[in-house]
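Novice: Here is what each chain is made of, one letter per residue.
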Amino acid sequence: MEDNGIVEMDECIPDRQSEVENVWEAKEIGIVLNRFLNTLDDKSCAVFLARYYYSYSIDELAKQYLLSSRQVKYILSKMRNKLRIYLEKEGVTV
Amino acid sequence: MRETPRGYAKIEAAGGEDERYLRLCEAFQYVDDVFLDIVEREKGVRRREVKKSVKRIWGAVAACICVLIVLPAAAMAYNWFGLKELLLPKKEKTPDAFSLSAYQESPAYQAAAEWKVFLAGYDMDGRILSEAEKTGFVTENESWKLYGVYSREMGERLGEIADKYELRLHTGGRTIEQDTWESLVTGSFLAGGSTKNGFLYEDSSFSFAGSMEIAGYGKADFDACFVAVNVLAGSDEGMTEEGLQELADRIDFRVLKEVQTPDMRGDSEVE
Chain H
2 MEDNGIVEMD ECIPDRQSEV ENVWEAKEIG IVLNRFLNTL DDKSCAVFLA
52 RYYYSYSIDE LAKQYLLSSR QVKYILSKMR NKLRIYLEKE GVTV
Chain R
-2 MRETPRGYAK IEAAGGEDER YLRLCEAFQY VDDVFLDIVE REKGVRRREV
48 KKSVKRIWGA VAACICVLIV LPAAAMAYNW FGLKELLLPK KEKTPDAFSL
98 SAYQESPAYQ AAAEWKVFLA GYDMDGRILS EAEKTGFVTE NESWKLYGVY
148 SREMGERLGE IADKYELRLH TGGRTIEQDT WESLVTGSFL AGGSTKNGFL
198 YEDSSFSFAG SMEIAGYGKA DFDACFVAVN VLAGSDEGMT EEGLQELADR
248 IDFRVLKEVQ TPDMRGDSEV E
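Respectively, the protein sequence lines represent chains H and R. Residue numbers for the first sequence follow this note's numbering, beginning at 2 and rising by one. Residue numbers for the second sequence follow this note's numbering, beginning at -2 and rising by one.
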């Protein structure tokens, strides 16, 4: 599977059939996304955006930030879980 | 010039049939530049080698300081979350918590070092983590969650290290959102600084990440206090001894009452 990170984001997207009622357009999701990013420390924010905005591979991230691949995957896993919870809390469905 | 999100371009190029992916990718286009600047800034900081320079670092606004503070009595003084009612017994010794940092050669310090060595050599290729994500490794052990444990092997090793050094693991805590944090911490302690969210552990120790310029140190009425200041970097030129000395000089420890000097070991000096 192509390593572009987008598939990983699937687990962050609340189910359209969930109990959350509000539906956000992309711009409004972006506003929520910015609020979420503001809760992160700089390192986590940088790794998160480098992966899902710039679509860097795990190996590229590990090299850029002098981390092991395991550490990169762990950080991303933690961030995706936080984003999922944050989107649900904000009532975001996609 | 701002780089187009590669993920969005790839989805578009692939036909963009999945509306959910496109919607989320579109949202990424509205990420504020200030966050993208962080990506660039972090890249630059981590690429450049630390230069051995005697140049002073004060004036570098981008100083990033991570402060880990243990303030059980301070928490009691301010009665955070009702902790004042949970007075620690004065005569009975409570095991120290397995924390992220401690003074040199202490049991907590050695335990943290041993845990770090274990993590450095564990699951190097990330397969166990990937498997844990697929199977959804869930543990009822709240302590394990606080230490980033994602396999039974990790959890058991963590417990072994704690037992070896007669430490107790943290048992719980809560994330403190930025706005809550700012209402809890008052006075001049964090004057001139800004914080992101933090985490408060069950024993009232807490951690947060942020940036600040050392301005003052608020008065706290407490019985015992351990303060550890981990300075990650002052600038892309790194931290010098002179800079650390100036940082230390700007913290007014005279506001602390009944200071007890810890048993200093290693090359640390008591002042």
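Just so you know, not all the hints are guaranteed correct.
[Said to hold, decoys possible] Derived lysine-lysine pairs resembling BS3-like cross-links, with alpha carbons at most 27 Å apart:
| # | chain 1 | residue 1 | chain 2 | residue 2 |
| --- | --- | --- | --- | --- |
| 1 | R | 113 | R | 142 |
| 2 | R | 161 | H | 64 |
| 3 | R | 113 | R | 40 |
| 4 | H | 64 | R | 40 |
Since the hints were made in silico from the structure, they are not lab data.
Novice: Which earlier hints can't be squared with this structure?
Specialist: 2
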